[in-house]
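Engineer: One letter stands for each residue in the lines below.
Protein chains: 2
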Amino acid sequence: MRVLVLGADGYLGWPTALHLSAAGHDVVAADSLIRRRWDRLCGTQSLVRIASMVRRVERWKRLTGRQIVWARIDLCHLPSITALVARYNPDAVVHFAEQRSAPYSMISGSHAVETQVNNVVGTLNLLFALRESAPDCHLVKLGTMGEYGTPNIDIEEGFIEIHHNDRSDRLPYPKQAGSFYHLSKVHDSHNIMFTCKAWGLRATDLNQGVVYGSGTAETDLHSQLRTRFDYDDIWGTVLNRFCAQAAVGYPLTVYGQGGQTRGFLDIRDTVRCVELAMLNPPKRSEFRVFNQFTEQFSVLQLAERVRAARTAHGLQTEVAHVPNPRTDAETHYYNAKHQRLLDLGLEPHGLDESLIDQVIGLVERNKSRIRKELFAPRVDWRRGGPTAMRASQSRRRFVTPRPAVTRRTPPAVRESKLA
Amino acid sequence: MRVLVLGADGYLGWPTALHLSAAGHDVVAADSLIRRRWDRLCGTQSLVRIASMVRRVERWKRLTGRQIVWARIDLCHLPSITALVARYNPDAVVHFAEQRSAPYSMISGSHAVETQVNNVVGTLNLLFALRESAPDCHLVKLGTMGEYGTPNIDIEEGFIEIHHNDRSDRLPYPKQAGSFYHLSKVHDSHNIMFTCKAWGLRATDLNQGVVYGSGTAETDLHSQLRTRFDYDDIWGTVLNRFCAQAAVGYPLTVYGQGGQTRGFLDIRDTVRCVELAMLNPPKRSEFRVFNQFTEQFSVLQLAERVRAARTAHGLQTEVAHVPNPRTDAETHYYNAKHQRLLDLGLEPHGLDESLIDQVIGLVERNKSRIRKELFAPRVDWRRGGPTAMRASQSRRRFVTPRPAVTRRTPPAVRESKLA
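Going down the list, the sequences are from chains A and B.
Each residue of the first sequence is one higher than the last, beginning at 0 in numbering that gives the first Met the number 0.
Each residue of the second sequence is one higher than the last, beginning at 0 in numbering that gives the first Met the number 0.
Hints should not be assumed to be uniformly reliable.
What the hints assert, rightly or not - Keeping only pairs whose Cα atoms sit at most 25 angstroms apart, straight-line, the calculated SDA-like set for lysine to any residue is:
(1) B:Lys282 with A:His331
(2) A:Lys336 with B:Ser167
(3) B:Lys336 with B:Val209
(4) B:Lys60 with B:Ser222
(5) A:Lys60 with A:Asp135
(6) A:Lys196 with B:Pro171
(7) A:Lys282 with A:Asp135
(8) A:Lys196 with B:His320
(9) B:Lys196 with A:Gly255
(10) A:Lys196 with B:Pro324
(11) B:Lys282 with A:Thr149
(12) B:Lys366 with B:Leu314
(13) B:Lys196 with A:Pro322
(14) B:Lys371 with B:Glu317
(15) A:Lys366 with A:Thr293
The set of hints was computed from the structure by calculation and includes no laboratory data.
Owing to the predicted nature of the structure, the values given are computational and were not obtained by experimental measurement.
Assemble the whole structure, with the sequences as input and the hints as a guide.
Structural biologist: Now the structure itself:
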């Protein structure tokens with residue numbers, strides 16, 4: 000299949016591009032490289048050095064003979080994505096190209112706006128490009144399990160049959176997202192669902208859990224093929240952060256009581272799930288949702304798993320409860336369905352000690368690049384970033400993004416009060 | 000109460016500002032005046048001449064002695080709205096300041112993006128301004144009944160009790176909006192709901208039906224106090240458009256079979272509903288939803304009402320079924336609850352012949368300003384505006400809005416294909 004991977008420079012986008020190329024698909028890898036700029040703005044960086052996209056695709060070609068076309072484009076520029084889709088006429092588009100950090104989206108009004116504009120506009124542009132040039136193309140969109148929040152009933156895969164006042168209907172599952180980032184994905188889902196109905200597009204929304212792991216068979220082939228690994232408070236996902244903390248003898252920082260339960264999956268399952276969705280497209284006009292995770296854990300359970308893996312090597316690890324910077328419930332019911340990808344043939348990698356050892360090993364080899372001050376949360380859901388940072392070092396400040404919206408209307412407040 | 004009315008230059012914003020001022024509240028009326036620019040871009044204009052905001056508030060002061068403070072600000076500029084909220088410290092903010100035309104949002108990718116960015120960013124900025132300077136202020140936000148779509152079960156007011164697999168929860172009512180405009184309001188609702196929970200804001204989302212009518216007691220006081228009246232395909236709501244068509248002997252253009260059923264209300268009830276919501280604020284952290292309409296009609300029923308009103312005067316009116324440019328169902332179940340505003344004391348104006356006569360009278364007095372070519376739909380939901388316009392006059396073209404998103408990342412597609 001011809002496949003366009005958007006967001007191919009990211010933690011998951013790059014391994015997905017490689018995995019699909021290895022599986023024999025013709026891959027066009029596109030990205031604006033904005034994630035590397037966001038790193039500079041946040042004072043963060045990938046624990047492992049990552050090569051440029053040009054070097055990566057060159058190395059892949061040399062090692063495997065497989066060619067990945069690299070295209071630097073900004074999805075927020077409609078003519079660019081329209082031209083790219085028209086040029087390659089893909090069978091599938093895998094769309095990872097979004098700002099994907101919840102804490103980043105909560106730093107300030109500017110960061111919230113940047114996140115929602117970037118994500119919603121990018122997806123809208125893609126939908127228009129598909130309508131224009133490739134209406135038969137299958138959109139494989141990365142959503143998040145965080146769209147659902149933590150309802151007190153079972154979480155279904157995207158839709159729920161509701162019986163009400165002697166009638167019933169299958170309706171979109173209600174959404175209760177817990178950050179401006181998660182909300183941006185809720186907005187995307189609604190927009191995509193509408194265009195499937197109105198324009199006959201076909202789409203799979205992969206509501207993904209929290210991903211852990213340092214790489215895949217393909218990224219492990221060569222140091223220039225590695226994907227990024229984030230361990231900080233802004234970009235690091237929880238298990239990766241715990242492994243980094245354990246590797247350097249730092250306490251595992253659990254937010255609040257740690258009863259927050261979520262779905263998790265191994266990065267090797269992410270790339271396989273995307274491929275399975277791609278190989279089994281929905282019909283035209285269909286908008287379907289797969290919950291993409293393999294196991295549920297509470298944050299405290301994860302910390303205990305990491306501690307146990309260390310204890311097996313005779314190493315002590317402390318678990319520290321720090322004030323929860325977020326506003327989600329710390330104890331709650333959670334039972335989320337995740338059957339549809341299994342039905343398509345997914346064989347999950349469970350979380351085991353050898354994986355934890357492997358991630359910790361990677362961190363240990365890159366120990367010198369760890370900056371421990373990036374472990375502690377800098378962004379408070381209630382007050383944003385700057386307030387939480389008052390007590391901290393100036394070099395940990397965030398740079399405010401340029402305004403995402405510009406208009407000729409004069410921005411200054413002009414008032415006329417009558418005498 | 001001190002109240003800030005955002006979008007005070009609009010069809011409903013201006014009458015609301017007047018109504019609240021007449022009721023003794025201290026009103027600050029703010030707007031970017033972008034609606035007047037959109038008229039120029041679409042080749043449309045209000046049937047009745049409308050005075051400038053400066054003239055309007057001067058006239059109101061002269062007639063009643065009441066002062067409305069006028070502020071020209073763009074809600075998409077965060078520092079402006081933050082400064083305005085900080086300066087006036089309102090008890091309530093009534094937020095009408097959005098692009099509110101479904102057809103406009105469906106013209107092209109640029110128009111869809113402009114609509115969602117304008118509406119979502121404006122509301123996000125307002126939420127941050129309230130968190131910063133007026134966390135106790137009551138946000139009264141105009142939503143739309145169109146957020147719900149047409150589910151096959153009763154539509155509740157914002158939330159629904161769901162029983163599922165032996166458990167239950169009260170969850171946000173599932174949303175199935177039918178245009179990028181309606182979707183923008185869905186996005187707003189999710190964003191507002193989150194900030195009520197995370198920051199303790201308080202908000203009322205008024206999911207309003209389709210409004211009809213030419214004015215209120217206050218706008219009828221003087222020609223300089225009139226509110227705009229739209230009869231065209233982009234901005235005109237259906238009953239107002241039918242009245243305009245009837246007044247000039249044009250057939251009433253029903254889209255498809257006309258079975259599309261919606262909630263409707265008189266503009267005099269709009270201003271009263273906003274006031275009732277404002278006078279009865281929710282608790283801190285509460286996000287509540289009122290369905291703001293008074294009667295349900297199908298589009299065909301409305302056309303028949305207008306025809307009947309004309310027949311009573313011995314006048315013939317034709318009803319013409321034109322191809323439906325939209326993608327909503329033409330026959331469907333529809334039963335939407337609208338009890339909460341009645342419980343607060345709303346005394347609805349039902350749709351009667353005298354109202355229809357009055358609106359038709361207004362159109363007749365301004366007959367010379369009617370341009371009949373604006374009656375027919377120019378925007379097709381499946382193909383957008385330009386396609387539908389190929390056969391039409393060049394002066395009916397739309398001007399593409401400037402890009403809503405700018406970024407330093409080079410927009411051009413840069414590709415490196417390896418040899």
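Engineer: Decide, hint by hint, whether the structure agrees.
Structural biologist: Do the hints match the structure? See the list:
1. B:Lys282 with A:His331: holds (24 angstroms)
2. A:Lys336 with B:Ser167: Holds, because 16 angstroms separates the two Cα atoms, which is no more than 25 angstroms.
3. B:Lys336 with B:Val209: Roughly 15 angstroms between the alpha carbons, so the hint for Lys336 (chain B) and Val209 (chain B) holds.
4. B:Lys60 with B:Ser222: holds (14 angstroms)
5. A:Lys60 with A:Asp135: violated (30 angstroms)
6. A:Lys196 with B:Pro171: The given pair, whose Cα atoms are some 22 angstroms apart, holds under the 25 angstroms limit.
7. A:Lys282 with A:Asp135: holds (9 angstroms)
8. A:Lys196 with B:His320: The hint holds at about 23 angstroms.
9. B:Lys196 with A:Gly255: Distance of about 18 angstroms is within 25 angstroms: holds.
10. A:Lys196 with B:Pro324: Holds, because 14 angstroms separates the two Cα atoms, which is no more than 25 angstroms.
11. B:Lys282 with A:Thr149: Answer holds: Lys282 (chain B) to Thr149 (chain A) is near 23 angstroms, not above 25 angstroms.
12. B:Lys366 with B:Leu314: holds (17 angstroms)
13. B:Lys196 with A:Pro322: holds (18 angstroms)
14. B:Lys371 with B:Glu317: Given pair Lys371 (chain B), Glu317 (chain B) holds - Cα atoms ~15 angstroms apart, limit 25 angstroms.
15. A:Lys366 with A:Thr293: Violated, because 30 angstroms separates the two Cα atoms, which is more than 25 angstroms.
The structure shown violates the earlier hints numbered 5, 15.
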